[in-house]
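Participant: Chains as they are written, first to last, in this note's numbering: chain L, 9 to 342; chain G, 9 to 342; chain C, 9 to 342; chain E, 9 to 342.
Source of the hints: derived by calculation from the structure; they are not laboratory data.
Bear in mind the structure is a predicted one, so any value in this text is a computation, not a measurement.
Be aware that one or more of the hints could be misleading.
Chain copies aren't distinguished; within one or between two, either way the pair holds.
Distance condition first, Cα-Cα at most 16 Å in a straight line; then the derived EDC-like pairs of lysine to aspartate or glutamate [stated by the list, open to error]:
1. K337 with D277
2. K205 with E195
3. K144 with E66
4. K205 with E194
5. K331 with E60
6. K98 with E67
4 protein chains.
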Amino acid sequence: MALRIGVIGVGMIGQDHIRRLTTVLAGSTVTAVSDTDAARAREVAARFAGVEAFATGEELIASPAVDAVLVCSWGPSHRQYVTAAIRAGKFVFCEKPLATTERDGLAIIDAEVAHGSRLVQVGFMRRYDPAYRAMKASIDGGEIGAPLMFHSCHRNASVPSHYTADMAIVDTAVHDIDVARWLFAEEVSEVMVVTPKKSARGGLLQDPLLILLRMAGGAIVDVETSVNIDFGYDIRGEIVGETGTVALAESATVLVKRGGTVAARVPEDWRERFSRAYDVELQDWVDGCLAGTASGPSSWDGYAATVVTDAGLAAAASAAWAKVNLRDKPSIYG
Amino acid sequence: MALRIGVIGVGMIGQDHIRRLTTVLAGSTVTAVSDTDAARAREVAARFAGVEAFATGEELIASPAVDAVLVCSWGPSHRQYVTAAIRAGKFVFCEKPLATTERDGLAIIDAEVAHGSRLVQVGFMRRYDPAYRAMKASIDGGEIGAPLMFHSCHRNASVPSHYTADMAIVDTAVHDIDVARWLFAEEVSEVMVVTPKKSARGGLLQDPLLILLRMAGGAIVDVETSVNIDFGYDIRGEIVGETGTVALAESATVLVKRGGTVAARVPEDWRERFSRAYDVELQDWVDGCLAGTASGPSSWDGYAATVVTDAGLAAAASAAWAKVNLRDKPSIYG
Amino acid sequence: MALRIGVIGVGMIGQDHIRRLTTVLAGSTVTAVSDTDAARAREVAARFAGVEAFATGEELIASPAVDAVLVCSWGPSHRQYVTAAIRAGKFVFCEKPLATTERDGLAIIDAEVAHGSRLVQVGFMRRYDPAYRAMKASIDGGEIGAPLMFHSCHRNASVPSHYTADMAIVDTAVHDIDVARWLFAEEVSEVMVVTPKKSARGGLLQDPLLILLRMAGGAIVDVETSVNIDFGYDIRGEIVGETGTVALAESATVLVKRGGTVAARVPEDWRERFSRAYDVELQDWVDGCLAGTASGPSSWDGYAATVVTDAGLAAAASAAWAKVNLRDKPSIYG
Amino acid sequence: MALRIGVIGVGMIGQDHIRRLTTVLAGSTVTAVSDTDAARAREVAARFAGVEAFATGEELIASPAVDAVLVCSWGPSHRQYVTAAIRAGKFVFCEKPLATTERDGLAIIDAEVAHGSRLVQVGFMRRYDPAYRAMKASIDGGEIGAPLMFHSCHRNASVPSHYTADMAIVDTAVHDIDVARWLFAEEVSEVMVVTPKKSARGGLLQDPLLILLRMAGGAIVDVETSVNIDFGYDIRGEIVGETGTVALAESATVLVKRGGTVAARVPEDWRERFSRAYDVELQDWVDGCLAGTASGPSSWDGYAATVVTDAGLAAAASAAWAKVNLRDKPSIYG
């Protein structure tokens with residue numbers, strides 16, 4: 009009765025998903041793992057009763073003990089595993105990015121369209137965050153009139169030394185981009201990148217950035233990425249409508265008064281801030297697999313995110329608006 | 009490997025726990041139900057594969073297919089089922105109140121002491137609420153110095169017509185009383201009840217109340233209960249320490265500006281406000297049962313709550329301080 | 009055209025009022041000062057053009073160059089100067105306490121009644137604070153239904169070593185008492201004092217206190233006084249009505265995110281917190297004097313505050329409810 | 009001893025300043041008025057004892073009964089009156105805009121430089137708002153590291169029908185521009201204007217706008233102007249530094265819980281929001297005049313604002329970055 013899940017890629021995020029599936033969520037069991045590092049796959053499998061380590065993701069996908077597949081491997085390998093799962097007719101949850109190139113995204117869409125219905129969910133967890141959901145409900149409920157602007161801030165206390173300028177767009181702002189597409193229920197048509205004075209905390213890294221999106225319907229989105237801001241992980245968002253605004257509230261649970269201030273904790277990192285969103289996201293996927301339906305962020309959303317971030321990289325290079333050109337949207341994506 | 013749970017009492021709350029165990033939490037399966045209404049037990053059992061309806065709670069407890077017991081029956085029956093589970097050596101989670109009389113509470117404690125170790129957890133879910141936990145961490149971490157006072161407000165939008173004056177103490181304030189005992193890690197030594205002007209919204213009901221507790225170490229707690237306050241379910245709390253204070257923050261996730269105000273939603277009821285606390289509480293119990301340990305609110309906490317609320321009822325009748333007399337605390341309760 | 013003011017008592021508060029009248033407010037000029045310390049009076053007079061130092065408050069009051077009198081002398085001398093001003097038919101603003109004994113308060117009332125109309129305003133500045141005024145407007149506008157309870161907290165970072173237990177009631181809580189009378193537009197009928205565990209920061213001082221008031225209409229007020237709480241000057245208040253509540257918001261103007269928290273400043277002391285209230289209060293008095301009318305807190309309010317704090321002292325000694333017995337209210341007080 | 013002020017232009021804002029000077033602030037008296045509508049000047053003069061109506065601003069400026077001049081006339085006339093006041097060696101406060109053309113701004117600067125010291129203060133009242141001052145103190149105190157970005161929102165509930173697209177930049181965003189120059193203590197080097205989807209509430213008006221400024225040191229400012237947003241007058245601002253942020257807090261004084269929400273009032277208009285700033289600004293000017301010094305926003309600030317808004321208009325027309333070219337800064341402006 010429980011959904012039997014195979015996990016491809018058991019690095020940090022893969023292991024965290026296994027922990028979540030086995031100790032937090034209902035309705036599933038992990039039966040298979042694989043990893044390009046075979047020893048790691050065997051080591052992880054050995055920690056759990058009833059988990060088999062497979063030599064390749066393809067063998068894992070083919071296993072009759074696997075009902076659904078969770079892809080947590082390196083980004084460039086996503087196309088390979090996701091299309092294999094689609095061909096096997098199995099539901100697949102793929103961590104973001106779905107595709108590191110537009111071509112990979114198109115290939116996945118082609119495979120899914122050939123299958124004839126959705127099988128893929130992409131890991132844009134913010135859509136499952138209670139605060140973003142309340143924001144969307146407020147917009148969709150007409151509380152603030154037609155949405156015209158979206159101010160979004162994505163702040164990290166720090167990033168590792170291997171973090172590159174491209175990653176501010178491709179890894180960081182991609183979440184704000186997906187949220188914008190979802191909140192407005194519209195595609196992005198153009199991107200521009202403005203570079204403020206560089207923070208001395210990031211070495212050579214151009215940080216912060218101000219990324220502008222023009223949505224298909226004309227709304228404007230501005231995204232601040234500040235990835236070395238020291239004080240904490242701070243996700244801000246405000247939609248400006250014709251008659252009102254809706255904004256994310258601070259997420260603290262208690263207020264402490266001492267030493268001259270009243271203060272609330274800022275989350276340390278994305279794990280603390282989005283812990284619930286990850287749980288709800290994956291539970292929703294498990295429930296959907298058991299019910300035989302796919303929902304949540306689709307391959308189309310993953311493909312569109314890649315095309316928009318590609319445009320963002322072009323915009324950063326040109327300092328001008330860069331167009332976003334998407335293929336026609338197949339009907340299976342609604 | 010999953011914990012096999014039998015649920016005694018499958019009214020609203022029992023069914024909600026079954027939903028939680030089967031569709032939200034990890035690690036358990038419901039295998040048995042019983043209810044004084046046998047038809048209802050059969051009806052609930054029929055909804056789930058692999059669930060057996062037992063004629064009595066005692067038979068359910070005795071079943072080899074039941075590893076642990078969840079008691080959601082009528083309060084006066086708690087002693088009967090909880091002591092039976094203890095005698096069977098099975099872990100038991102009992103919804104509050106553990107006991108409707110001091111005698112019942114003592115009987116449960118005697119049974120557990122005779123068993124030699126803790127088997128019982130009582131459903132004081134606030135101890136699992138992230139905000140209360142942050143408050144406790146702040147106190148225990150010394151952020152505000154020694155705690156001296158606790159201001160607590162317990163507000164319900166409305167209560168059903170069968171809600172009586174006693175229930176404001178026994179059903180409502182009991183949560184604030186348990187939280188006070190837990191936050192201060194001290195017993196209550198005296199109780200007083202002050203009766204403000206009566207709200208016209210509650211008919212004959214004396215509402216609101218101001219309930220004062222003197223803790224064993226001298227700290228003072230004031231609890232406002234307002235159970236017909238219309239605007240929503242509003243749980244406020246602030247600990248006043250020697251050098252600072254810590255207070256529950258508002259729980260809203262978004263702020264909406266429209267029509268001249270900036271506003272946040274107030275929870276509608278306890279389900280909305282404490283939904284996460286219920287999940288965390290029961291997952292913690294399941295995890296503990298699987299690990300062979302009991303933690304969380306104990307029989308002692310359930311017994312003490314009953315003695316304090318009994319003193320509260322006496323205090324309400326006398327308009328003076330009423331003493332709280334507890335038996336010696338058995339060593340199994342730490 | 010400007011109101012010519014004589015100031016009796018030019019210690020710290022008297023000098024601050026002179027500063028306020030001459031450099032902040034419109035419509036007045038200070039023409040006379042007096043002080044029991046004649047040298048200080050001369051020294052202050054010498055700092056301002058056109059200010060005369062008088063040997064006694066009575067001579068100052070009698071001066072034709074004085075239109076209105078500001079009494080900032082030692083509390084026990086208030087009766088003497090206020091009644092002299094009333095006999096001279098001059099408007100008089102008296103810093104709190106109006107009277108240090110019930111007898112003094114009655115004497116002032118008798119004098120004013122003999123005069124036939126109000127001449128006195130007492131320095132309960134909170135009634136001029138924008139936040140308390142908004143709170144009163146919310147209650148009076150019916151936004152929260154009939155008011156049933158008032159939770160008030162009065163927290164000082166520290167008090168000088170000469171601060172005694174009585175002062176927590178007579179000097180500190182007196183503000184909360186006046187605000188309660190004003191917000192409810194009702195007298196206090198009973199007082200009780202509950203003593204929590206003593207803060208180690210106050211030496212022998214019993215701090216904090218929880219002071220309960222029962223209003224004439226039955227509403228209950230609880231006042232926390234914490235006068236050595238270190239973190240700052242923190243004035244909290246919440247009125248609980250039948251259908252809602254209204255509470256003072258935090259007063260900070262900016263929020264700073266750094267070092268893991270989002271924080272707002274807490275005022276350092278009453279000067280910072282109520283600076284505007286003092287300005288508005290005194291401007292209102294000047295405007296009233298120029299218009300020939302008296303408003304704001306009256307002798308009656310000053311007298312009632314003294315009787316209530318006297319009852320508070322009795323209650324602190326007895327640990328029981330102490331009755332508040334007021335004389336009949338003369339018609340000039342509305 | 010009081011500063012004798014002549015007011016040129018006694019329309020709504022001029023009359024409001026007269027009210028402020030005569031009934032709110034200390035240290036001044038209004039002795040003269042003039043207006044292009046001579047009947048209105050006479051009517052206003054007749055309302056106050058000792059106020060003379062002059063036929064022209066020049067005659068008012070020349071009057072020996074006028075120590076300092078307050079210019080509240082139509083913008084295009086500012087140059088004429090301000091330069092006349094400078095030539096007369098009198099302090100002059102000029103409502104914004106100081107100049108409606110760059111040429112007028114330069115003429116005023118030339119006159120003041122010829123005079124040899126500052127005589128002019130421009131009415132950018134936000135610099136006197138307690139919240140903006142706290143923000144500046146936080147930046148200057150190093151609390152958030154070097155400032156890199158500034159997010160500013162300027163929202164009006166509605167604007168009159170004669171409000172044109174240019175006014176969003178010249179009348180509305182000019183305040184955010186001045187605040188940015190002041191907070192960063194840097195000039196603006198470039199401007200860009202992005203036009204979101206148009207609000208249906210503003211007829212043909214392009215509203216909202218997103219205006220970007222690049223500061224001389226590289227920091228980026230984004231200004232949202234939404235001038236028909238219905239819900240109220242909402243001024244938001246957040247400075248993003250290298251290690252933290254500082255943001256304007258909501259300005260409400262009380263929180264009301266009722267009907268399912270906890271809500272705070274949003275100011276209705278700029279009068280409500282900046283009432284204190286106007287008072288502090290003008291008191292500061294009066295105090296400075298009495299002390300023989302000029303401070304606050306200078307002619308240079310007024311000139312720079314005009315050049316930046318001119319660039320803004322050019323940017324709006326071109327959809328590209330427009331350069332801001334300022335003349336050399338004379339030494340009298342520090």
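Participant: Which hint numbers doesn't this structure obey?
Facilitator: Violated: hints 1, 3 and 5.
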